[in-house]
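K.L.:
So you can see what is in the structure, the chains are spelled out below.
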Amino acid sequence: MIEIKDIHKSFGDNEVLKGISGIFREGVTNLIIGGSGSGKTTLLKCMIGLHQPEQGSVLYDDREFTQLNFQERIEIRKEIGMLFQGSALFDSMTVEENIMFPLNMFTEQSRSEKLDRANFCLERVNLEGKNKLFPAELSGGMKKRVGIARAIAMNPKYLFCDEPNSGLDPKTSIVIDELIKELTEEYNTTTIVVTHDMNSVMGIGDYIIFLHEGKKFWEGSNKEISKTDIAELNDFVFASRFMKAAKGKL
Amino acid sequence: MNFTNFGKYILLLKAVFRRPEKTKIYVKAIFQQMDFIGVGSLGLISIISTFIGAVMTLQIAFQLVSDLIPKTIIGSVNRDSSILELSPTISAIVLAGKIGSAISSEIGTMRVTEQIDALEIMGINAPGYLILPKILAGITMVPILVIISMVLSIGGGYLGGTLSGAISAAEYIQGITTDFNPYTIVVALTKAFVFGFIITSVPAYEGFYVKGGALEVAQASTRAVVVSCISILACDYLVTQLLL
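Residue numbers (my numbering), protein chains in the order written: chain A, 1045 to 1294; chain B, 93 to 336.
Just so you know, these hints were derived from the structure itself, not from any lab.
Please read all numbers here as calculations on a predicted model, not as lab measurements.
The beta-carbon is built from N, C-alpha and C at its ideal position, and this holds for glycine as well.
Wrong hints could be hidden among the right ones.
[To be verified] On the chain A side, residues computed to face chain B include the following (Cβ under 10 Å):
id	residue
1	Ile1092
2	Gln1115
3	Ile1124
4	Gly1125
5	Gly1130
6	Ser1131
7	Trp1262
8	Glu1263
9	Leu1277
[Claimed, not checked] Derived lysine to any residue pairs resembling SDA-like cross-links, with alpha carbons at most 20 Å apart:
id	chain 1	residue 1	chain 2	residue 2
10	A	Lys1089	A	Ser1101
11	A	Lys1259	A	Thr1085
12	B	Lys114	A	Thr1151
13	A	Lys1089	B	Gly304
14	B	Lys116	A	Glu1140
Isolated chain B, as found in the complex:
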């Protein structure tokens, strides 16, 4: 995104947060989007998180081959990595691909088929009607998905570690319960909130300003995923730097 695009993005957000015409209709749209973003992504996030947790445990066990380091460390490292980085960031990148491309192509198609013009002619604030429910659903559901991801990732680590014999169940549980700092959850949820905003607003922006036809909608969709992923990684660094 260059500076012109960034300016347009800010102006679009200004229009998005105008007072809704009819709150009842917006509330219904928010719940529909929460279903799409949250419930619709639950299966994918669950599979990815469980496997990442399991693989992480195996890799940590492989790297910590020393009699001086207790095996409980495997659980601690897996827990902190999952909470602080893997669950929020990997979930966000996966969601940027799944949700981001869907949002961009939905809004982009509405643009090229004049559906957005139709909304505007009716006197409806099109950015607000189309984008606000998605952003509100994103910043609500992505943190919930990240919490589920954390639990499943740590659970996946337990399964991976115990089934392979890399660590015993007692050692793993001792590891994940030792020296737990609840502040890491705050950091992770802050990240999830920011990522939820990026995953919904950036693709919406790319779709909203599409010009042309099917080819341009596809290009906007690709651009939406790329820009969202880069923005997620940049914000990941910023939030980590600010909060830790």
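If we strip away everything but chain A, and leave its shape as in the complex, we get:
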């Protein structure tokens, strides 16, 4: 479980996060949603320590993260897996080397053990046999799946996904969403997905936080989201023609 309390973050005079709190539980897919510039990615970066919030705290199973120094954070970071918006695969390494990288750095496993783990992770994301390809040889969806495989290589307790569907076609997006949900339930991870994709919201949003202008406007599940009367949330959820048309049926 990850708990955030009263997170504030500014860049110069621009206050991006204005006191966000929430509890993200394990075994369910937690979503942070909101329009562009609402502060979703900044909140995610505050949670994983890429940004230092000016105020507030982030607790990983009651371990206060924001007050820890670099060395102390390493122990928690070893329990984190992260899927980046652009996948962030290491260009100079093959798919297999990318997945084995955290194992090489932090475990004393033999090469064959690491290779087995890499193959297992690749199999889990349906990319068997792609071990020797370089990131430049992969499609956008395959890169995301390799990103997920790398993220789960160390059996993380916490899985973060930043815009996992950006740049993907709808069919591949659903595959990625379902994969994230399956892994979350299978390994009981605390999964937090930052997205503005309504298909993801409706498909995998067990617990959703809606951010608007740096504030938390709403929280609930995908079953409740279409039944609120909050204007800002409705503007976001029913922005597309398709969602407007589907409104009556939800």
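Mind docking chain B on chain A? Use the hints.
P.N.:
Same frame as chain A, now just chain B:
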């Protein structure tokens, strides 16, 4: 580099020299960088050094047109100029262009494509993992390249002088072996060591703090080469002043 940047540069270096997570992986990375910096630059350094030595001999011969000055001086001047200044400094400036821009754009691209963030999330000391092998390879391989450059520059002087008839082989060899002061080698290698550090650390700093996209990576690359060249020249003066 203004004072803020200099402060950030020092803080980055502090992070670079933190204890490595796994020495074996760092050692492998150091050898890869030594190959890139040393072996990868050998051809360029060889061509430049040979031609500079040859041209230097011709120019010295052109300027020393006096019956009172023995021709062996041409060899001596070429030797000392090559060892003390041309080999370390010209090699360093050429390497700043070749290696510096590559380091800056490599690390800068990793920054804008979130690869550095990925390292940090994994709990890896990104400055140490990315920059330390480059610095260690730089301070090892640049002195070796400078030694090779010295030899080739003096050899190039021999070829240039004898082929053009500006000096005979015997006079040139007598010139380069007369009154040789081994301390000049110490000065040159000290310079090479300092330049090796600059050539790798300054571009790494420029790349590490890139913000934006492809345009900013290119700008950082240009800035890395400019700042490295100026730093090399400033340190060249300082080391020369201190050691000679």
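K.L.:
Could you run down the list of hints and mark each one as holding or not?
P.N.:
Hints versus structure:
1. Ile1092: Hint holds; isoleucine 1092/A Cβ to chain B Cβ min 6 Å, cut 10 Å.
2. Gln1115: Holds, because the Cβ-Cβ distance from glutamine 1115/A to chain B comes to roughly 9 Å (cut-off 10 Å).
3. Ile1124: With a closest approach of 6 Å, the isoleucine 1124/A hint holds.
4. Gly1125: Status holds, d = 8 Å.
5. Gly1130: holds (6 Å)
6. Ser1131: holds (8 Å)
7. Trp1262: Violated, because the Cβ-Cβ distance from tryptophan 1262/A to chain B comes to roughly 28 Å (cut-off 10 Å).
8. Glu1263: Where the cut-off is 10 Å and the nearest Cβ of chain B is about 25 Å from glutamate 1263/A, the hint is violated.
9. Leu1277: violated (29 Å)
10. Lys1089/A <-> Ser1101/A: Status holds; Cα separation ~13 Å.
11. Lys1259/A <-> Thr1085/A: It holds: about 13 Å lies between the C-alpha atoms, which stays within 20 Å.
12. Lys114/B <-> Thr1151/A: holds (10 Å)
13. Lys1089/A <-> Gly304/B: Holds, at about 17 Å.
14. Lys116/B <-> Glu1140/A: Given pair lysine 116/B, glutamate 1140/A holds - Cα atoms ~19 Å apart, limit 20 Å.
The structure fails hints 7, 8 and 9 (numbered hints given earlier, in ascending order).
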